[in-house]
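Chain by chain, the residues:
Number of protein chains: 2
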Amino acid sequence: TNMRLDQKLWPLLCFLLLRPPPCSSSNILVVPIGGSHWINMKMILEQLHSRGHNITVLRSAKSWYIPNNSSIYTSINISTLADESDINYYNKMLQDVMECRTYPTFIRTFCQQYLITSMFDQGHKILARSVATIIEDTVFIQKLQDTKFDLMLTDPGLTIGMLLATYLELPIVFNVRWINTLLTPSPISYVPVSGSELHDQMDFLERIKNMLHYLYNVIEQHLIINPAYSDLLQQHFPPGTDLLSLQRRADIWLFRADFVFEFPRPTMPNVVYIGGFHCKKAQPLPAELEAFMQSSGEHGVVVMSLGTLISVLPRKVTEAIAAAFAELPQKVIWRFVGEKPSSLGHNTLLLEWLPQNDLLGHPKTRAFVSHGGTNGMYEAIYHSVPVVGLPLLFDQFDNLLRLKVRGAARVVEAYSLTKEGFLGALKDVLENPSFHTNMQHLSQLHRDKPVTPMETAIFWIEYVIRNKGAPHLQSAGFHLPWYSYFCLDVAALTIALTGLFIWALVFVCRLLCCRRSKRKMKPE
Amino acid sequence: TNMRLDQKLWPLLCFLLLRPPPCSSSNILVVPIGGSHWINMKMILEQLHSRGHNITVLRSAKSWYIPNNSSIYTSINISTLADESDINYYNKMLQDVMECRTYPTFIRTFCQQYLITSMFDQGHKILARSVATIIEDTVFIQKLQDTKFDLMLTDPGLTIGMLLATYLELPIVFNVRWINTLLTPSPISYVPVSGSELHDQMDFLERIKNMLHYLYNVIEQHLIINPAYSDLLQQHFPPGTDLLSLQRRADIWLFRADFVFEFPRPTMPNVVYIGGFHCKKAQPLPAELEAFMQSSGEHGVVVMSLGTLISVLPRKVTEAIAAAFAELPQKVIWRFVGEKPSSLGHNTLLLEWLPQNDLLGHPKTRAFVSHGGTNGMYEAIYHSVPVVGLPLLFDQFDNLLRLKVRGAARVVEAYSLTKEGFLGALKDVLENPSFHTNMQHLSQLHRDKPVTPMETAIFWIEYVIRNKGAPHLQSAGFHLPWYSYFCLDVAALTIALTGLFIWALVFVCRLLCCRRSKRKMKPE
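Heads up: the sequence lines are chains A and B, in that order. For what it's worth, this note's numbering labels the leading residue of the first sequence as 3, then goes sequentially. For what it's worth, this note's numbering labels the leading residue of the second sequence as 3, then goes sequentially.
Don't read these hints as lab results, they were simulated from the structure. Some hints here could point you the wrong way.
As the list makes no split between identical chains, a pair holds if one copy fits it or if it spans any two.
25 Å max Cα-Cα, derived PhoX-like pairs, lysine-lysine [what the hints assert, rightly or not]: (1) Lys-470 / Lys-406; (2) Lys-470 / Lys-451; (3) Lys-282 / Lys-366; (4) Lys-94 / Lys-283; (5) Lys-421 / Lys-318; (6) Lys-451 / Lys-127.
Isolated chain A, as found in the complex (with noise of 0.2 Å):
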């Protein structure tokens, strides 16, 4: 019985044979967010599928991201839910966070989570109306009744997911980038808040950075989040709810996360991994691609994206990448919309859309200029491509913070991109052999798994089904007040009895010395 299979055969039987026989097919309510995010979820849609569960997709109707019309889901249209997908509004917030960039270390991470606190303020209120009128539509509510789900798959950046998935009393699976450092214990000596652009080898000052950023957090859930839903709650759900209630909720979080990408830090049983999920080998690309690739001969090529929210850089920035690649001897292809940059070389190819995970699986490619987003850090990780980080918005500065502490990238500033700089860190990644040496040895841990991120994703999402919900799993520490969980009763309880104590013997001490001085002073 001690089969032995050869090392490329086995990851397919296991694809094949691993695989539990899936539940009796389900009816699975999801809630997506749009953008990169939707391209993650809709691989796992696929898997649920093929699997044979029902699924149903509850979208903004003029959504952009995520098709009414699949083979592969019923879709539910919400017409008060806004497009995710509004280019000018990201190309203002770029124009923003580029100023936010000009100012000293310190404070530039808050003024960025300044932005982005300013988007959630408009946004959840908007998100709190939406879930009020749907819940306040009873024939649709019944129908969701009706529908009899057995599970919401959901991100809980969009909380109307949680919401409706509470409301409903469906056991929920989250699929995030972040875990809520609120929610899941985060000792902020070691684990970087995200958007701080922290590392967890943080020295003194940096661990202030941290915990302001930590507390920052806190504010902003009590102060902008929290109160956006503060109607919503008190009339449609039971006293006491709020949006972290919600969170606690959830039966599983996968996380998008590897710690060959993200920093070790402590979670529940309930956090499963799953970074990389998405990964899988290259596919053929079109003939002409294909040519243009083996035309760069033993130079290789340089494949530069920057996902799908940026549409137009500054012009200086565009021009000065344009002159630094018109003068590497690598071909370049560039994922670009807008106006051609004058400065374009010969060996540069614009293309308006790209396969992206077919290029970076494709032997001649020898670096990624990327923005940053995760999807394409766990890509280039994949096929082992070193990478030239241009961090725009969200999370890239820390994702590329990532990839560079650990020697697989250079990381450049686009507020004050020059040609030079540019063309600097990309020789250094092209031509330092280590760059590439790093990405393989977290190339080679990353693939390294017992069972593959996605089989896995599909494995607790079905566990969730099969023994409806997983509360075994939730932390009882969800039970207590704040200052119960971090321990501060205890804590002052301790201190007032030392304090007792001490205060005691001073007492007792006085007394005794007092008595002594006082038979010394009476005349014998």
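Once you have looked at the hints, place chain B on chain A.
Same frame as chain A, now just chain B:
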């Protein structure tokens, strides 16, 4: 490609096919603990051996549990090590613990803890001297170095393993029942310290008790355990090495926990849960035993065993147990050493040894009377057999508490055991169907895993060998001094700055007030 297999077939297929090909055969050095821990470790060694690894076991030359001659490993005998199976020692300890149990709840766990500390105090001094002898034997150390071991597999409870691994600069995998509270984020508000007999939902007083247990552990570590090794570490190890820093070196902690049993707690990513990995399907019983089982008819059988360490319960207790058994309609199989109780009924079979796993997996078995050893508890869960607990030593009180709060066990105190009390608990577990139902639920959850715990254990052992360690999974908090780790420095600065700010505010206010009042006082 959407092959689906029968529910019963796929675990077998996984077992055969999932296992990656072994890394080319490696040399593994093992320092096991005896007793029930050895039963566990041996099963892992059998797997590793079948996958082609060369195993060397370092054992006490006097060891009773760990055989010298084996077809799966080579032995290294250390004559200075004590035998771990001094039955008289544990019988004496049982008397002391039973004395402790008569004290009020709040005190008794500390009393027990103190007994363990006294045991540690002796044990660690002996261990430190043994390791010094080993290290000073340069011929022996050279021999070990020449073998070029790839890994140390050990339990940190027996410190020799990690001391040798550090000296020989080997990667370490721990096989542990308890995670060190001082090394893992263990919020004392909802993570009960081992030995505290608390569960995860604690009231204020219980949290105080938990904190005291935590502080007790801190004191024990620094005043009892660390000093025992200070000479050894000063002479043979780099400056600053202490017993905690050795544990921090561990690449993977194989944690014998499953959260159907253990309370949910945070852990770092280098902690791998393998609780119940030793459980397996029941094998057919010997013919006479099978006949005895069948003779029980519809009533079934009660199985009783108090584990490997304790041979003699007080006479009064065994008489009461025997008398209670005699009144049951069930048949009873009792693992028993010593003088036969006079009150023994005709339904009770005494055996000096019993095939515990096969009996628990037998369809006639209705209840398990157990001391609450970890192995037995997982076997009871695996085979869905409810438990009547008779905790005697160590973690047995904690273990049984875990099953009790889940409605799968009744617990009886040995020191105050009466026939009536014991019979009541037995009848409750046998007649109230909720115990069996709850155990079945735990069993179902326990078996619902993407990979078997044994395969998980083997995967991570080979992972560390393949990748020569797993430093990317280790906490960055380990490099911080304790006051930074617990953020006390950051908190102190924050409090100081807040204080300074308030003081400045008061100062300025006073200044302004004074000036105004002076102005008022000044005659116009």
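Handout entry: Within, between, both or neither, where Lys-421 and Lys-318 count as close if Cα-Cα is 25 Å or less
Key = Cα proximity of Lys-421 and Lys-318: one copy only (10 Å, versus 89 Å across).
Exercise for the section: State whether the alpha carbon distance between Lys-282 and Lys-366 is at most 25 Å within one copy, between copies, both, or neither. Expected result: within (17 Å within a copy, 50 Å between copies)
Handout entry: Within, between, both or neither, where Lys-451 and Lys-127 count as close if Cα-Cα is 25 Å or less
Key = neither (42 Å within a copy, 41 Å between copies)
Problem - Same-copy or cross-copy closeness of Lys-94 to Lys-283 [CA-CA at most 25 Å] - result: neither (36 Å within a copy, 63 Å between copies)
Handout entry: Homo-oligomer pair classification [Lys-451, Lys-470; C-alpha up to 25 Å]
Key = For Lys-470 and Lys-451, only the inter-copy Cα distance (15 Å) is at most 25 Å; the intra-copy one is 27 Å.
Exercise for the section: Can you give me the call for Lys-470 and Lys-406, within, between, both or neither, at a CA distance of at most 25 Å? Expected result: between (42 Å within a copy, 23 Å between copies)
Hint compliance for this structure: hints 4, 6 are broken, all remaining hints hold.
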